[in-house]
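Put together the whole structure using the sequences plus the hints.
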Amino acid sequence: MLKVRDLSVSFRTEQGIVRAVDGVSFEVGEGELLGVVGESGSGKTVSLLAVMGLITDPNAIIAGSIQYRGRELVGLKSRAMRVLRGKEIAMIFQDPMTALTPVYTVGWQIAEQVLAHQRISKAAAWQRAIDLLAEVNIPKPEEAAHRYPHQLSGGMRQRVVIAMALSCNPALLVADEPTTALDVTVQAQILDLLHKLRRNHGSAIVFITHDMGVMAEIADRMLVMYAGRVVERGTKEELFRVPMHPYTQALLDSIPPLTGEKPRRLRAIPGTPPILLNRPPGCAFAPRCAQRFEKCSAEPELGNGERAAACFRVTA
Amino acid sequence: MSAPLLEVIDVAKRFAVGSRFSRQGVRTVHALDGVSFTVMPGETLGLVGESGCGKSTLGRCITRLYDLTSGTLRFAGTDITSLSRRQMRPMRRRIQMVFQDPYASLNPRRRVRDLIAEPLRVHTSMSETEIASRVAELLDIVGLKSEHALRFPHEFSGGQRQRIGIARAIAMNPELIVLDEPVSALDVSVQAQIVNLLADLQERFNLTYIFIAHDLSVVRQVSTRIAVMYLGSIVEMGSADDIFSHPAHPYTQALISAVPVPDLDAQRSNKRIVLTGDVPSPINPPSGCRFHTRCPVAQERCRSERPPLMEQSPGRKVACHYPIAADATA
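Same order as they appear, the protein sequences are chains A and B. In this text, residue positions in the first sequence follow the working numbering: the first is 12, and each later residue adds one. In this text, residue positions in the second sequence follow the working numbering: the first is 1400, and each later residue adds one.
What the hints contain is simulated information worked out from the structure, not anything from laboratory work. There may be inaccurate statements among the hints.
Claimed, not checked - Straight-line C-alpha distance at most 25 Å; calculated DSS-like pairs for lysine-lysine: (1) B:Lys-1670 - A:Lys-207; (2) B:Lys-1670 - A:Lys-247; (3) A:Lys-151 - A:Lys-133.
This is the structure we're talking about:
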């Protein structure tokens, strides 16, 4: 349903052009959960913001193709995009306060969203808001609808945002680190909720996170991003059982285990992610990679297959 | 057995919120309530719990950034509970703190050299050349290059900034370092570097750590012993291995089970206990056991009678009327 081909997002800055996203391609099938992992600055959020048509910076240059159910979204007028967004594609963010206004009650904010996309009465929209709050497991939804965001806890706010995103039964939900700011016990509740919603609504979800544990739990297929590019693609099983790219392997190795023998030292990845302003030629991960060899001074290609890794060690 | 480095005895901390003119008047937040433990030299005590459980407040009380409401703090045998700022000064070189957000804890207008030299200037009478060589030495110890000394904090990545914070903390050769979520703001790959660095420093300089974090797998990795906190009190305490292999408090068990594990096989075998609801407000903490509102095994008694933190087996303490037996979860 969503086909992204060769997407690039660059930003003109005083120091030059920063290629935040560089030739990213992926697909999302109906009802599928695609997990996107990567460190900060890997381009995971920017590529999905581009899909949502939310990059409005005049210094941004977006190239490539984003097709949603056969319709091209790159270059779509902002009004046409607005109709699509909210109704068919919705997004939830890491910090729910960015999506909520502090000056209106949460019930009103959800009802407004419903009214913007559906022709129903105000009373019906309010009722729908209460139903949605109940659906995301908010206790006493009638009372909660009258509350302001600051009166709710972080987990409750994130539920409100999810309720808002669901108000029009979107076919595609983009979730950008929705549980990162939450405690593990609340995170577990939100992940359970997303599971339930997927079952009931059949929405496809693109889930951005840096937490491999969360991925292992919810993803069907995964993308691993590094320095603005996709470095590995495959099903969750493939990626966790036989990671192909050295970066994916190193990422999995660097997580301290929760059970079993405690390693004396963690296997850390040396160095830091590259600065995208002056991207060195060749594989971006090479300077930190334990398996680099002569060939890595050239740029490795990510194959077209469902299962692929951009690494010469793999293709060689 | 050597003497404990730090003794925390029945510490409480309350904050007043609101004002007499607000609708609800002045209310009291019970941030810490009857917390007691000891820390032995050279060990790492991990403090875990959800946000609002009081773990950071406890860290700040130990470093005397906050004054205690009641209770006693004893550091290396000296009562430091009510030392004045001036009396506390010589103690500060022995107790240091590293904060979560290296962006916020470093002055953006000062060069790294000066940031690291600051504690040396305050606490010692070292000459400028001595300070310069000590700064160079510290940079090397935390894995930064000598040319970094003239740069400003914004020129560094998060991991490097945390290294600067650590260099500052170890500058005075402290005995105890309170680390408040030192790796939470970092990417996983960098997080492992800092965890390793902290372990190396501990070994090299015989440091004692109090490691505050909400990430359970990181806490397990670094800690010798762990204290689990809920709503201002310790609910369970014991060696890191014991706590993770057989948690005795239902809260600890739920907390551990909620952590998503990046291992597909572990995922299937692990039965998740999803706690309902949020942490109750510390303004009106629940009666009896504070966890009873969310506890899956709560009984009538838990609603009225508060369980004390009792020794269950040597070195293992639990505050629960119905702790989980060790063999049930093994």
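* Asked: Of the numbered hints stated previously, which ones are contradicted by the structure, given in increasing order?
  -> Checked against the structure, no hint fails, so every one of them is satisfied.
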